[in-house]
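Given next are the chains, with one letter for each unit.
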Amino acid sequence: GDSVTQMEGPVTLSEEAFLTINCTYTATGYPSLFWYVQYPGEGLQLLLKATKADDKGSNKGFEATYRKETTSFHLEKGSVQVSDSAVYFCALSEGFSVGNQFYFGTGTSLTVIP
Amino acid sequence: GAVVSQHPSRVICKSGTSVKIECRSLDFQATTMFWYRQFPKQSLMLMATSNEGSKATYEQGVEKDKFLINHASLTLSTLTVTSAHPEDSSFYICSATSSSGANVLTFGAGSRLTVL
Chain W
1 GDSVTQMEGP VTLSEEAFLT INCTYTATGY PSLFWYVQYP GEGLQLLLKA
51 TKADDKGSNK GFEATYRKET TSFHLEKGSV QVSDSAVYFC ALSEGFSVGN
101 QFYFGTGTSL TVIP
Chain B
1001 GAVVSQHPSR VICKSGTSVK IECRSLDFQA TTMFWYRQFP KQSLMLMATS
1051 NEGSKATYEQ GVEKDKFLIN HASLTLSTLT VTSAHPEDSS FYICSATSSS
1101 GANVLTFGAG SRLTVL
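Same order as they appear, the protein sequences are chains W and B. For the first sequence, my numbering gives the first residue as 1, with consecutive numbering after it. For the second sequence, my numbering gives the first residue as 1001, with consecutive numbering after it.
Hints are not guaranteed to be accurate.
Stated by the list, open to error - Partner residues are not named here, just some residues of chain W that face chain B (Cβ under 10 Å, in silico):
id, residue
1, G61
2, S85
3, F89
4, P114
Unchecked claim - Have a look at the derived ranges for each label pair, beta carbon to beta carbon:
id, chain 1, residue 1, chain 2, residue 2, range
5, B, T1057, W, Y39, 24 to 32 Å
6, W, K52, B, G1016, 29 to 37 Å
7, W, D2, B, N1070, 37 to 45 Å
8, B, P1040, W, T20, 19 to 27 Å
To be verified - Selected chain W positions facing chain B (in silico; Cβ < 8 Å):
id, residue
9, Q45
10, L48
11, K56
12, F104
If you are wondering where the hints come from, they were derived from the structure by calculation, not from laboratory data. All figures in this text were calculated on a predicted structure; none of them were measured in a lab. Don't be surprised by glycine CBs; every beta carbon is placed ideally from N, CA and C.
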């Protein structure tokens, strides 16, 4: 079945450091891929998405490229800020029909220190 | 963009009582809503999928008589934790996809339930 595996945290970085959070997936078809972010005490917010191979999703300085050959969707940011401290979830969903189930990774906690 | 409102954000109740959590889509019609439970160390567990006007589909291991889900309209789904016990204390999050088929999940802010 479908699944998502992402690197375990917690991750602690200094401000302005480079961030990579690895995410790989297993899917039977051609999924859409997502990164969601959860700030302390809040629900999840969509950070970025990609719907087909080689697409690059980007938002707020974060990027992730849909790599079909390596079944990966790694999240990167060139220079993190304290405000990026949050939990990041990689997710996939098959197809485009309404109501398709989403599969989430276990989340990676990021703390950025000044 | 799409907004999902979840209420209450925090609730404390005594053991044995029931608690209702509401999830509303504010500016779109949500044909499908999902209810998640978030455990310590972040992991999200899908509890059930709720489609407007029909019975919810529960994931294996989730007690449907304990976690009652109602999706009576295209903008409202409710989760009722019946006869709550301390082990039901958790962070519950709802999410919705719109009828437009954009295939993006929009999440509510979550509800922290504490059962004393």
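Against the structure, the hints:
This hint is violated: G61 of chain W has a C-beta 19 Å from the nearest C-beta of chain B, more than the 10 Å allowed. Look at S85 of chain W: its Cβ only gets to about 14 Å from chain B, farther than 10 Å, so that hint breaks. Because the closest C-beta pair between F89 of chain W and chain B is about 7 Å apart, less than 10 Å, the hint holds. A cut of 10 Å between beta carbons decides the hint on P114 of chain W: the least distance to chain B is about 24 Å, and the hint is violated.
About 30 Å separates the C-beta atoms of T1057 of chain B and Y39 of chain W, a value consistent with the hinted range of 24 to 32 Å. Checked against the hint of 29 to 37 Å, the pair K52 of chain W and G1016 of chain B fails, with Cβ atoms roughly 51 Å apart. Checked against the hint of 37 to 45 Å, the pair D2 of chain W and N1070 of chain B fails, with Cβ atoms roughly 28 Å apart. A beta carbon spacing of about 25 Å between P1040 of chain B and T20 of chain W agrees with the range 19 to 27 Å that was offered as a hint.
The interface hint given for Q45 of chain W is met, as the beta carbon of that residue sits about 7 Å from the closest beta carbon of chain B, less than 8 Å. Among the interface hints, the one on L48 of chain W is violated; its C-beta lies about 11 Å from the nearest C-beta in chain B, farther than the 8 Å criterion. The closest approach between the C-beta of K56 of chain W and any C-beta of chain B is roughly 17 Å, which is over the 8 Å cut-off, so the hint fails. For F104 of chain W, the suggested interface contact is upheld, since its CB lies about 5 Å from the closest CB of chain B, less than 8 Å.
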